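Top to bottom, those sequences are chains C and F. Sequential numbering from 48 applies to the first sequence in our numbering. Sequential numbering from 33 applies to the second sequence in our numbering.
Honestly, I wouldn't trust all of these hints.
Which bits of chain C does chain F cover? Going by a derived footprint, with three or more residues having C-beta under 8 Å, they are [said to hold, decoys possible]:
hint, stretch
1, 104 to 111
2, 180 to 186
Coverage of chain F stretches by chain C, computed from C-beta distances (three or more under 8 Å per stretch; other residues unrestricted) [said to hold, decoys possible]:
hint, stretch
3, 120 to 127
4, 147 to 159
5, 170 to 178
Derived by calculation from the structure, the hints in this document are not laboratory data. As the structure is a computational prediction, the values presented were derived from the model and not from experiment. All C-beta atoms, glycine included, are put in the ideal place defined by N, C-alpha and C.
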Amino acid sequence: MKPKTLSRSEFRRIFPLVLLTALLAGPGHLAAQEFTITIRQITADNSGGGIDAELKDVKKDLERLNYDTFLLKKTSKIKCGLGEEKTVELLGENRLVIQPQGFQEDKIRLKIKLSSADSRDRFMDGVIGIPDGGTFLIGGPSYGKEVLILVFTASH
Amino acid sequence: MNEKQLSEHEVLFQRYHDGELDDASREKVESLLAGNEKYRGSLRSYERLSALLELTAPEASDELAGRRDWEKIASGLESTGPRKSRKTTYWLGLAAAAALFIFLYYPFGTPINNETMVESIDCTYDSFLLLHPSSDGGHTIIWINDHSSVRN
């Protein structure tokens, strides 16, 4: 069966309606979207090992810290819906809970809770606004004789 | 039969009388005249009026022809008028929608800020530091001082 094609006049009648729908649905499309958050877990110490070749995109950042050895230990890629909470078990029994909270000023709002392995009373809870595809780091929790550094990259 | 149709036919009859029609139009007029007494009456009235004008004021005949031209122009404008108006409304609507789309999705006036923003931090570790990206690039770093960690 041959599909029915729109005549020019039908198209002219329908097109503004389609355009209006697209405009109105614009901000709403985020609700259906998924956020991808990549978390790289790095350990840092002063054993003179240098910076892992896979970390060259954050080399400048790592060089600002008081360590000389940075090793990429684990990479987790998490897909989260808007408002959806995901828990990531980190090295050294540290725990991370992330929750995308939508957009503000073109940035992905990410709620993050990082808690310590040895005491659940010690935590860092915050909301970060990150550009789409942007990166930020959280470092410092202990991991044995080393410290743990997390590199977050978020996109939608 | 409506007035508009009659008026259109009258214009045709006038042009027929003045010998301005091509063969096809002339045949059409003749068939109309053959089938309708009212049309024939209309043509006769026009012939009489034309003859009278020719007799009393030859220059008025030209004036009549001129008036007929204006009527044709007005009739053309009337038939295309609403369509043009709809077209204008359509394009204006489309332009407004496009402007709204650009305004919503491409806020030209607002500079794009690629920096990470820390909206809030609640920290029960010993302390924390916020390191902004250095001037030559880099990323925001939240550094937690966890005294249980061992520093060499």
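Hints versus structure:
1. 104 to 111: holds (count 4)
2. 180 to 186: holds (count 6)
3. 120 to 127: With 3 residues closer than 8 Å to chain C, the stretch 120 to 127 of chain F meets the three-residue bar; holds.
4. 147 to 159: holds (count 11)
5. 170 to 178: holds (count 9)
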